[in-house]
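Engineer: Given only the sequences and the hints, what does the whole structure look like? Please build it.
Chains as they are written, first to last, in our numbering: chain A, 1 to 264; chain B, 1001 to 1157; chain C, 2001 to 2780; chain D, 3001 to 3153.
Watch out, some of these pointers could steer you wrong.
[What the hints assert, rightly or not] With a straight-line Cα cutoff of 20 Å, these simulated PhoX-like cross-link-like pairs (lysine-lysine) come out:
{"id": "1", "chain 1": "C", "residue 1": "Lys2569", "chain 2": "C", "residue 2": "Lys2622"}
{"id": "2", "chain 1": "A", "residue 1": "Lys39", "chain 2": "D", "residue 2": "Lys3089"}
{"id": "3", "chain 1": "B", "residue 1": "Lys1011", "chain 2": "C", "residue 2": "Lys2021"}
{"id": "4", "chain 1": "A", "residue 1": "Lys39", "chain 2": "A", "residue 2": "Lys5"}
{"id": "5", "chain 1": "D", "residue 1": "Lys3047", "chain 2": "D", "residue 2": "Lys3089"}
{"id": "6", "chain 1": "B", "residue 1": "Lys1003", "chain 2": "A", "residue 2": "Lys8"}
{"id": "7", "chain 1": "A", "residue 1": "Lys5", "chain 2": "D", "residue 2": "Lys3056"}
{"id": "8", "chain 1": "A", "residue 1": "Lys39", "chain 2": "D", "residue 2": "Lys3047"}
{"id": "9", "chain 1": "C", "residue 1": "Lys2047", "chain 2": "D", "residue 2": "Lys3051"}
{"id": "10", "chain 1": "B", "residue 1": "Lys1003", "chain 2": "A", "residue 2": "Lys5"}
Everything labelled a hint here was simulated from the structure, so no lab data went into it. Quick caveat: nothing in here was measured; it's all calculated off a predicted structure.
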Amino acid sequence: MYPTKYHKPDSVDAAITALSGAEDGKFLAGGQTLLATMKQHLAAPSDLVDVRGISDLSGIRMDGDTLVIGAATTHAEVAASADVNSACPGLARLAAGIGDPAVRHMGTIGGSIANNDPAACYPAGLLALNATIVTNSREIAADDFFLGLFTTALEEDEIITSVRVPACAKAAYAKFRQPASLFALVGVCVAQTADGARVAITGAGEDGVFRHEGLEAALSSDWSASAIDGVEVSADGLMSDIHGSAAYRANLIKVMAKRAVAAA
Amino acid sequence: MTKISMNVNGKAVSRDVPDETLLSDYLREHLRLTGTHVGCDTSQCGACVVHVNGRAVKSCSALAASLEGAEVTTIEGIAQNGELHPMQQAFTDHHGLQCGFCTPGMIMTGVDMVNRYKAEGRDLTTDAIRHELEGNICRCTGYHNIVRAVEDAAAKM
Amino acid sequence: MSTGIGARVKRKEDKRFITGKGKYTDDVRSENQAYAAFVRSPHAHAKIKGIDKSAALAMEGVIDVLDGHQLTGDGIGNIICGWAITSKDGSAMNMGAWSALATEKVRYVGDAAAVVIAETQALARIAAEAVEVDYEVLPAVSNAKKALADGAPEIHDNAPGNLIYDWEIGEEAATDAALSEAAHVTEMEITNNRLSPNPMEPRSAVATYDAAEEHYTLYTTSQNPHVARLVLSAFYQVAPEHKLRVIAPDVGGGFGSKIYIYPEEITCLWASMKTNRSVKWTSDRSEAFITDAHGRDHISTAKMGFDADGRITGFKVDTIANFGAYMSLFSSAVPTYLYATLLSGQYDIQNIHCNVRAVYTNTVPVDAYRGAGRPEACYLIERMMETAAREMGKDPSELRRANFVREFPHQTPVIMAYDAGDFDANLDQAREAADVAGFPARKEEAAKRGKLRGLGYSSYIEACGIAPSAAVGSLGAGVGLWESAEVRVNPVGTIEILTGSHSHGQGHETTFAQIVAERFSIPIENVSIVHGDTDKVQFGMGTYGSRSGAVGMSAIVKAMDKVEAKVRKIAAHVLEASEDDIVIEGGEVKVKGTDKAMGWHEVGLSAYTAHNLPPDMEPGLKESAFYDPANFTFPAGAYICEVEVDPETGVTEIVRFTASDDFGTIINPMIVEGQVHGGIAQGIGQAMLEQVVYDDDGQLITGSYMDYTMPRAADLPFYDVHHASTICPNNPLGMKGCGEAGAIGSPPAVINAITDAIGSNTLAMPATPHAVWSALQAAQ
Amino acid sequence: MDMTGEYRIAAPRDAVWAALNDVDVLEVCIPGCEEIHQDSPTTMTAKVVQKIGPVKARFDGAIELLNIEAPASYTIKGEGQGGVAGFAKGSADVTLEEDGDETVLRYEARAQVGGKLARLGSRLIDATAKKVATQFFNNFQQHLNDPDPPEDG
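Structural biologist: As C-alpha cells, then:
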C-alpha cells in the first residue's frame, strides 16, 4: 500500500474537518472494498478518515414504523437485529447474504451504499424498500441517491449518518451470485409498499442499480410469481461479461424476481 | 507511524507502525505471528482470518490502526493450557488439512461459525457449514473433510 | 493401534499446521533482509526500447534496480525446457530464448523487464512502478489456433509461425484405414480449458549470499529443491552446485506449479549477490495469476471409429497445445509423452494416431498442472466414448466394457504397456455404489421438481511414477526419474528417513513413517522424515506425477532392505545364531523359536559402539538406495457423477459423486481418500468453474479471485470414494499412486452427466451456469 | 467492445465539424479531462482522470484525428497510459449528416484496456467504456446546444 494517514474522529464535524484538511482524503467505513483497492495500488488516498468512531453513526432503532440504521452498522448487525427482523425481515436476509461471514463482520451499510458498486446488494434493497438516506446535511430518497455506476448524490464531504427504511413485511431479495466474486450477477429485491410494488435490480444494469417498471406494474396488480411470467425483460442496457451475457442476465432478472416474490 | 496497542492472544502488545499497516502485516511482520497467512489480495481466500473482539474478520482487510485497543485472537492463541481447541483437534482427527496453508483461517472461521450458531440457537447442518465457509478457499482437500471436522467440533464445543 | 500399511494413522505433521507453527518460505526472515519487486509488462508483446531507472533509484530506501542486460551480462543463463521433443520431420524443437529478466522483448503480460531491491516490500513495489520502461507495443496473439494462422505475430525469431514442434505418435495410415472402414465414426472438437493452479500459498523466495564463503542459500516454494539446485547451477550458472543450498520448507500446495524454476528465484539469487543483501520476494495472488505456469489449454479434433459390435477400430487425434510465451521446464513433455501415450485409455485399440503441434502465444507459459497431459487424454477419450454411446444408442458403460483391456500386460500402440488392472471391477463397484439402477426413478422424481437429472461416466487410466530413467532418456528427458532415500538408524534406535520426495500436503511424514515403523517394528513416533533441504538430503527428484509412493517409498524400501540385512548380521553375530533365523518383531530382533532377543535399540547401539561386530563389518547403521522403476504404474478407476440442472438458471448441482479407484497397495486410506477428494475437487473446478481467459490482445481478464472461480465448499459435494485394487507388479510395495487420479478422472464424468441431463452435447468446460443455460437455449 | 450512438444536434454541420476539431471543445467534453494541448492540427496530448468507484487512475494520453473527410466524418483515437493501473485505448468513427439546420451525429466506438485494469476490473470495462463514450457525446451535444460549458462527468 502507498503511505496514508489514518484519522479516527469522534464526531461528524471532526470527520469533515479531517477530510477537508486532506490533500486527497477518503472516508473509510468497513474498508472491505477500499482497502482491497488500495492493496492493488489502484487507489492512493492521502488520508483515511474512519467514520466508525462516530457514535451517532452506530445502532439500529425504530422510529415509529421506520427502521433507522446507523451508517456504520455492519452487515452482520443488520442481519441479526431483532428490529430489522421484525420490521423488514427481507432486509435482514439480504444483509445475511452479503459477502461472507468475515466480510459481514466488517462491511457497513453506509460504506456499501456510498460506494454504489453496480453488483452490490444494499442498493437494490434500499431502492426497492423506498428507503431514505440521511446525511449530515440532508435526507435523500433512494430514488434520488443512486445515480449510476459507482455514482451517488453524495457530495465529496458529505457523510451518510443513517438509513431510514419504512417497515415492510412483504419484501425479499433473491441473488444469483457471480460464481467467482460472489457479488450479485443479478440481484432482485421486491417490496410491496404503500405505493405499490417496487422492484430494484442490481448486478445487471450497465449503469448500476435500477428499478424495473414492467415488473413493478405486474406485481402491483398481482403480487404473485406467476404475474411475472408475462413481463418482458429486455437485455438492452444490461451488462455482458465472461460470467453472463446480457440475455442471460435478462433471464435471471425474471427468475430471481419470481423467487423473491415467492420468498417474500 | 502510529503506536498501535492491542491485546493479542491474551497479551498486551504495542508497536509503532505506519498508518497503512494491515492487521495481517501487523501480526506477521511486526509481532512475528506467522500462523496467519495471506493467500490472496482481493479478500476472498480467508487464509488470514483472525478474531477481533470475538468475531471472525479478514486481517488483510482491516487496518491495524483502526483496531487500537482491540482483543485479537489468532491461530496461535486458541489452544488453552497445552490442550488443542476442539476445532484444531477435529481438523487433525478428520484429515481436514493437507498443505496446511489455509488451515489457520479455516479453523478460526470454524470456531466463529460454531460460536455464532450456538449463541443464536441455530442448527449447524453440513449445508450451513458449506455456506459459512464461502469466505475460505482450500485447494487441497476438496472440503469434504473440512466440513466433517467442523461438524465434529461443533458437537464438542 | 496399528500404524502399519493399511492403517488410518492421523498425520504426524498436523500439529504444527493446526497451531500456526508451520514454517513456510514467507515466514523466513533473514538478517539484513531486503525485498524484491518486479517491473512487469502490461503489454502482451512489446519491444523494450529503454529503461529509465532514475526515479526509482532516487527513492530513499531503494537499494538497486537491476535489468535483463545486467543479468545476462553476468552470465546468468536462459531458462530451459528439460525435455527435448523431435518433430516428425526430424527437426529439433524451436525453443526461444527466455531470460529471467527480459532484454529485447517482453512476450506476455507479466513478463519482467527489471527488478527493484528495496528496504521494505511496500517500498519495492512503489519503486517498481517508478521504473519507466519504454515499450514499443507489438501485435499480440493469445489463441493457439490463431497463432498458427498465416500472418500471426511471431513471438520468437527461431520459431517460424510460432510452431515449437509438430510431433506424431502411432500409425497414421493404419488408423485412417480403420476409420474409413468403420461402421460408425464419432467426431468431435474438444477444448481443454486453460487453468491456473492456485496453490493457496503464493510462491516465494528468500535468497541469501554469503560473500565470505561465496555461498548461496535459497528458501523457496518448491516441489523439488534438488532439481531446482541442479538447474540453477548447471543451466543458469547462478552458483556452483556445491555453493548453493536450496531449502523448500513447508510448502503450501503445488499441484505442479511449484516444480519449475521460475525467473523470480533466479533473479533473487543473483540480486542477493549483486546487492550483498538477503533478497526476499513473495508473490501476491494477482502476481501469481500472471507468473505461475498455467495448465492444459488444448484444442483437439478427434475421430473414433467403431465396428458394428461397438468395438473401437481406430482413434485419430489432432491436437494444438498452447505453450504460452516461453517453454517452461516440462512443458514439451505434457502434450506428448504424458498425453498422447495415454490415448488408448482403458480400451484395447489397435490403431491410434495423434499429431500434436505445440505453439507459442503471448500468454503465461503453460506447463504441468495436476494430472499433466493425462486429464487432457482422459477427457478426450471419455467424452468420445460417452458421445459415441449416445450416437449408437448403446449404454455408455456397456460400450466401455465392450472395449476394456482384460489381459495384462497389454501393449498399446502408443508406447505404454499396462501392467495390471481390473477395469470391470472398478466399473462394477462404482455402479453399485452410485446406485445406477435407481437412477431412472431419481430422474423422474427430479423432473417433478422441474430439475434435469443426468448421469455420466468416466473410466480413466493414467501413467504415474514417471520412469524408468533409461526409457525417458531415450524419449528426450533431460534427467533420470528415479528417487533416492537414506535410512539412518540412530544409536538409540530412532530412525531418520532422508528422502528426495517432497511433501507439500501429501502427508509423507506419516505414510513414509508407517512403512518404516512396520518394517522395523518400532513406534511410529520414533521415525522422522527429513526432506526438502539439499544440505540434508543428498539428491532427489521431488514430488510430481503421483510418484512419491511408487518411486519415493520404493527407494526407502530398498534402503531398508540393506539396513535389515546388516541388522540381521549384527543380531546373528551377537546372539550367536544364523542370519536366516533372525526375525524383527515386537520391537525386538529375535532368534526364531528361542527366547534370545535384542531390543531394536540395542542393535542400533551395537552398530555404533562397534565393540562386537562381525569381522570386516563397518560400524554404523545407515544405508541409502536409489530406486529406478521398471515401468510406469497405471492407476485406473471408474467415476460416476450425477447432477441436477436447474433449467431456469443453468445451475448444476452435483448430487452424487462416486469413485472407484485402483491405486494398488494403499498405505494410509485416510490420506489416500484425502488425495482423491482434492483431485476430484480440482477436476470439478475445471469442469464447472475455472477458466483462464485472455482477450485477443493477450490481456488476462481473469486476474484475481473476482473472476477466476475457485471451487468453494458450497460448490462441491461429499465424495463417495471406494477402492478396488490390483497390485502393481513392478515395485516392491505394489503401489500405483493416487495424487492426480481425481483431477484426471472427474472432468469427463461431470460433463457427461451435465450433457446427459440437458440433452445437448455441445457444452465446453467450464460448464458454468451461463454456459449450461446457453446450451439449453440453443437446443430449444 | 463496440458501442454506437446517434445524436441530433441543433446546429449546422459546419459548426458541429468545427467543434469536433476544436481542442477547447474537446477539453470540456472529454470526461475527466484535466488538461489538453494541441501538438498539431490532428494530434493532442491530454491528462485525463477516470474514477471507477474507489479506483482512481490518471492517464497520460495522446489523441489523434484520422480518416478526416471534412466536414462529414473522422476517426478520433485516444490512447492513455495509466501508470500502475495499465492503459486504455479507444477510438470512435464519427459521421455527421446534414438534416436541415440540424446535424445528426453518429458514432461507432471501440475501447480496450490493458494491465491491472483488465485483470482486476474486467466486469467494469464495458460499462465504463460505454459511460465514457456516452458522456463525451452527451457533453458535446450539450455544449453545442448550450453556450455554458457542461460539467465534467
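Engineer: Hint by hint, say whether it matches the structure.
Structural biologist: Comparing the hints with the structure gives:
As the CA atoms of C:Lys2569 and C:Lys2622 are separated by approximately 14 Å, the hinted pair is consistent with the 20 Å bound. Taken as a hint, the A:Lys39 and D:Lys3089 pair is broken in the structure, with Cα atoms around 25 Å apart against an allowance of 20 Å. Between the alpha carbons of B:Lys1011 and C:Lys2021 the distance comes to roughly 18 Å, so the proposed pair stays at or under 20 Å and holds. The straight-line distance between the Cα atoms of A:Lys39 and A:Lys5 is roughly 15 Å, inside the 20 Å bound, and the hint therefore holds.
Among the hinted pairs, D:Lys3047 with D:Lys3089 is consistent with the structure: their alpha-carbon atoms are about 14 Å apart, no more than 20 Å. Of the pairs offered as hints, the one joining B:Lys1003 and A:Lys8 holds, with about 14 Å between alpha carbons and a cut-off of 20 Å not exceeded. For the given pair, A:Lys5 sits about 18 Å from D:Lys3056 by alpha-carbon distance, which is consistent with the 20 Å threshold. A distance of roughly 24 Å separates the Cα atoms of A:Lys39 and D:Lys3047; the hinted pair therefore is violated under the 20 Å criterion.
A hinted pair counts as satisfied when its Cα atoms are at most 20 Å apart, and C:Lys2047 with D:Lys3051 does not qualify at roughly 30 Å. Proposed proximity of B:Lys1003 and A:Lys5 is supported: the alpha carbons are some 13 Å apart, at most 20 Å.
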